[in-house]
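Listed below are the residues making up each chain.
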Amino acid sequence: MDSLKPQDITRPLSDQLISLDKFMPLPAPYDKPGMEPGPSPLKEAWKDNHCTTLDGIIGNDRLTRPGTKEEEERFVKNFLSGMDKLFSKETNSGFLTPFLLAFEYCAKCDACSEACHIFKASGEKEVYRPIFRSEALRKLYRRYKKGGGLAARFTGGDMEINLEAVLRLGELAYRCNLCRRCAQNCPLGLDNSLIAREIRALFSMEMGIAPTSLHERGTLLQLKTGSSTGMKRKAFSNIIEFIEEEIADRTGKMYKIPVDKKGADILLIHNAGEFLSWPDNPAAFAILFEEAGLNWTMSSELAGYDAVNYGIWYDDVQAQKIALAQRRAARELGVRRIVIGECGHAHRAAAVSSDRLAAGADNIPRESSFPILRDIVRSGAVKFDPLRNNFPVTLHDPCNIVRSMGVVMPQRQILKALCPQFREMTPHGVNNYCCGGGGGFSVMREMNFSEWKMKVAARMKFKQILDAFQDTIQDPVIPKYVCAPCSNCKGAIRDMLDLYQATAKFNVQYAGIVELMVNAMVIFDRPYFEWLQEGWAERKGI
Amino acid sequence: MGTINVKGKEIEVDEDGFLVDPSDWNEDVVMAFAALEEIDELTDEHWNIINYLRDYFNKFQTAPMVRKLCKETGCSNKHMYELFPSGPAKGACKLAGLPKPTGCV
Numbered sequence: 002m003d004s005l006k007p008q009d010i011t012r013p014l015s016d017q018l019i020s021l022d023k024f025m026p027l028p029a030p031y032d033k034p035g036m037e038p039g040p041s042p043l044k045e046a047w048k049d050n051h052c053t054t055l056d057g058i059i060g061n062d063r064l065t066r067p068g069t070k071e072e073e074e075r076f077v078k079n080f081l082s083g084m085d086k087l088f089s090k091e092t093n094s095g096f097l098t099p100f101l102l103a104f105e106y107c108a109k110c111d112a113c114s115e116a117c118h119i120f121k122a123s124g125e126k127e128v129y130r131p132i133f134r135s136e137a138l139r140k141l142y143r144r145y146k147k148g149g150g151l152a153a154r155f156t157g158g159d160m161e162i163n164l165e166a167v168l169r170l171g172e173l174a175y176r177c178n179l180c181r182r183c184a185q186n187c188p189l190g191l192d193n194s195l196i197a198r199e200i201r202a203l204f205s206m207e208m209g210i211a212p213t214s215l216h217e218r219g220t221l222l223q224l225k226t227g228s229s230t231g232m233k234r235k236a237f238s239n240i241i242e243f244i245e246e247e248i249a250d251r252t253g254k255m256y257k258i259p260v261d262k263k264g265a266d267i268l269l270i271h272n273a274g275e276f277l278s279w280p281d282n283p284a285a286f287a288i289l290f291e292e293a294g295l296n297w298t299m300s301s302e303l304a305g306y307d308a309v310n311y312g313i314w315y316d317d318v319q320a321q322k323i324a325l326a327q328r329r330a331a332r333e334l335g336v337r338r339i340v341i342g343e344c345g346h347a348h349r350a351a352a353v354s355s356d357r358l359a360a361g362a363d364n365i366p367r368e369s370s371f372p373i374l375r376d377i378v379r380s381g382a383v384k385f386d387p388l389r390n391n392f393p394v395t396l397h398d399p400c401n402i403v404r405s406m407g408v409v410m411p412q413r414q415i416l417k418a419l420c421p422q423f424r425e426m427t428p429h430g431v432n433n434y435c436c437g438g439g440g441g442f443s444v445m446r447e448m449n450f451s452e453w454k455m456k457v458a459a460r461m462k463f464k465q466i467l468d469a470f471q472d473t474i475q476d477p478v479i480p481k482y483v484c485a486p487c488s489n490c491k492g493a494i495r496d497m498l499d500l501y502q503a504t505a506k507f508n509v510q511y512a513g514i515v516e517l518m519v520n521a522m523v524i525f526d527r528p529y530f531e532w533l534q535e536g537w538a539e540r541k542g543i
Numbered sequence: 494m495g496t497i498n499v500k501g502k503e504i505e506v507d508e509d510g511f512l513v514d515p516s517d518w519n520e521d522v523v524m525a526f527a528a529l530e531e532i533d534e535l536t537d538e539h540w541n542i543i544n545y546l547r548d549y550f551n552k553f554q555t556a557p558m559v560r561k562l563c564k565e566t567g568c569s570n571k572h573m574y575e576l577f578p579s580g581p582a583k584g585a586c587k588l589a590g591l592p593k594p595t596g597c598v
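Sequences listed follow chains A and B, in order. Note that our numbering has the first sequence beginning at 2, numbered continuously upward. Note that our numbering has the second sequence beginning at 494, numbered continuously upward.
Incorrect hints may have been included.
Unchecked claim - Label pairs and their in silico Cβ distance ranges:
#1 A:452 / B:534: 27 to 33 Å
#2 A:72 / B:516: 30 to 36 Å
#3 B:548 / A:115: 53 to 59 Å
#4 B:578 / A:260: 36 to 42 Å
#5 B:580 / A:23: 29 to 35 Å
#6 B:564 / A:25: 40 to 46 Å
#7 B:528 / A:475: 39 to 45 Å
#8 A:506 / B:578: 18 to 24 Å
#9 A:101 / B:548: 51 to 57 Å
#10 B:575 / A:506: 17 to 23 Å
Derived from the structure by calculation, the hints contain no laboratory data. The structure presented is a predicted model; accordingly, all values stated were derived computationally and were not measured. Glycine included, every Cβ here is placed at the ideal spot set by N, Cα and C.
Chain B on its own, in the form it takes in the complex:
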């Protein structure tokens, strides 16, 4: 466990930097994660994916399949890695405040 500093407030994250408590999520947290993930600027494309992930998670309490994420946001898997250098699961899900993927994935 560790913490990240978001505008003076310490927020708890796990070993891989994912939020421990999903209710800690807000736009400032996204900005702080983006800096850690080496994303220079958050564009509409980033937000489109973050919002899709959050909607899906709220509805199903789990992250969507990467294939579905790509199809429904119109973002190819390759472009996903350009937007989120650590990829959809480790990068995009982290910014969206989702827990770390579990199981045989």
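For reference, chain A alone in the conformation it holds in the complex:
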């Protein structure tokens, strides 16, 4: 273990604080030499323009080195001014109280580090301790905002600011998945992930620095086109038509997907990434909602067909703009409630984070789709045959749905009813570990960030998946299914299965919860999953 201290973030440019090696070991069959893909070298050109002095990784591509001495001074000054605004009710009304609690009352017991998958999976690198980042900010604040005198020095304000410290802190804010497992394990309930999130907000809101994929090609694209994928209304309509055809081809039954149906009970909003990358998911929702006879619709209005809200990860103003645009789409249709599909951060953004951002007439009830899906199983409205899902299944808990909202049981009740070989991960439920894609990381693919994301942030989840399937992992004939009911979690799990070739070598499959439900529906004479279709007719005959 290294012995770095928060003051070390001020070390000169020549010192990269840590190197990524000696990660937490993985279980079989990834415990053998040669199973871990090697690291790729850092491009020399990146070192000149970006901050690679923390861990050799670039997460925030817009955090670039100032060109002149004047720009450098302005950069540091802006940072200090932004830091000031985190501490004032006028400029941080949304998060001031929980932020101040975490900032002021931390007893440095370090329970958070033990809870943090990034710290543990990295091989316990000091800079990834949740309190390392918080303590660095605390030292700067005490030094520069509390006078910096003798008293400040006694209370930890003993760190001079410099460019490298600001840059490293800007990167370090993007080494946290914002999963809040640390807050759950803190004896005082303090949320160190909120401090990471507030540092991101400082950089975005005061300095105009946020990763391209989250801001310019994320939030701004969504406000302009309706979706962070760039999908406009015309493209959305084209996709819905295609999904209808696909369902007919796949199941032999035609369904009309309701779009812009005025006065429906439910407006179902998916993460629009589903349409492009996992169209079987919105298709399965349509099949289930139609078969259950629900009065529902989708929307083709701006922001009405994309539930994402990247703002919650880095910028309060952007979060509010998106939340309002989504509410507007719902209001125009006159629906009674917004129901969120399988997307964790959209759950949290719509139901929790934006609860006070869109008040009064702008508001409309919002809820998770999971209890509705559970009720479809329980009510008997749709007939299922669990033996159609007779392969090992485990459940990944999206942090935002489970830890942040307490929606824990409905998804389990579905799996227990429909998957005879369901097994939990360890730990699970509210004690789950993040997939590694949380806090925007699934969307961030700049420079060499994906590599860090997979090897460090996603490592604990990969370990949990392997542990859950230890009985059958070595047998590629048996499909093993990771149920990940969240678009961003699916993105992270897809990338990890790809990196470690776990699908190709060991037949580890993944998708959401509705696909499992449709796969078990008795009205269809063939499996919904493509990977089950081969040899289906013969197997059925046996």
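Given the coordinates of chain A, assemble chain B onto it according to the supplied hints.
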């Protein structure tokens, strides 16, 4: 940001090698990208996919779903990786001059 040299002209590309300005696209750019993507020879199958992507993008200002691309060009997802080693999104879209995919995809 960086550039690639296409017949003596420097053309701007992003960190992942996608065109910054879609109007820079032409057949020489496709050839230059193909070399970078380790595609030895551009066949009719490649062009079929590139042309489909460009038509779709012109019509909808976004890339099509991979499923739709495969269905309408008659090229399986597996074969897509044989034609474009980095896959439909990172490989085929790049050659077709489309911007890098964004969002939760």
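Do the hints match the structure? See the list:
1. For the pair residue 452 of chain A and residue 534 of chain B, the supplied restraint of 27 to 33 Å holds, since their beta-carbon distance comes to about 31 Å.
2. At roughly 32 Å, the beta carbons of residue 72 of chain A and residue 516 of chain B sit within the given window of 30 to 36 Å.
3. Taking the beta carbon of each, residue 548 of chain B and residue 115 of chain A are about 55 Å apart, inside 53 to 59 Å as hinted.
4. The hint said 36 to 42 Å for the Cβ distance between residue 578 of chain B and residue 260 of chain A, and at roughly 37 Å that hint holds.
5. Evaluation of the 29 to 35 Å hint for residue 580 of chain B and residue 23 of chain A yields a pass: the beta carbon distance comes to about 32 Å.
6. For residue 564 of chain B and residue 25 of chain A, the Cβ-Cβ distance of about 42 Å falls inside the hinted range of 40 to 46 Å, so the restraint holds.
7. At roughly 41 Å, the beta-carbon separation of residue 528 of chain B and residue 475 of chain A lies within the given 39 to 45 Å, and the hint holds.
8. Between residue 506 of chain A and residue 578 of chain B the C-beta distance comes to about 19 Å, which sits within the given range of 18 to 24 Å.
9. Taking the beta carbon of each, residue 101 of chain A and residue 548 of chain B are about 55 Å apart, inside 51 to 57 Å as hinted.
10. At about 19 Å, the beta-carbon gap between residue 575 of chain B and residue 506 of chain A stays in the expected band of 17 to 23 Å.
When each numbered hint is compared with the structure, no violation occurs for any of them.
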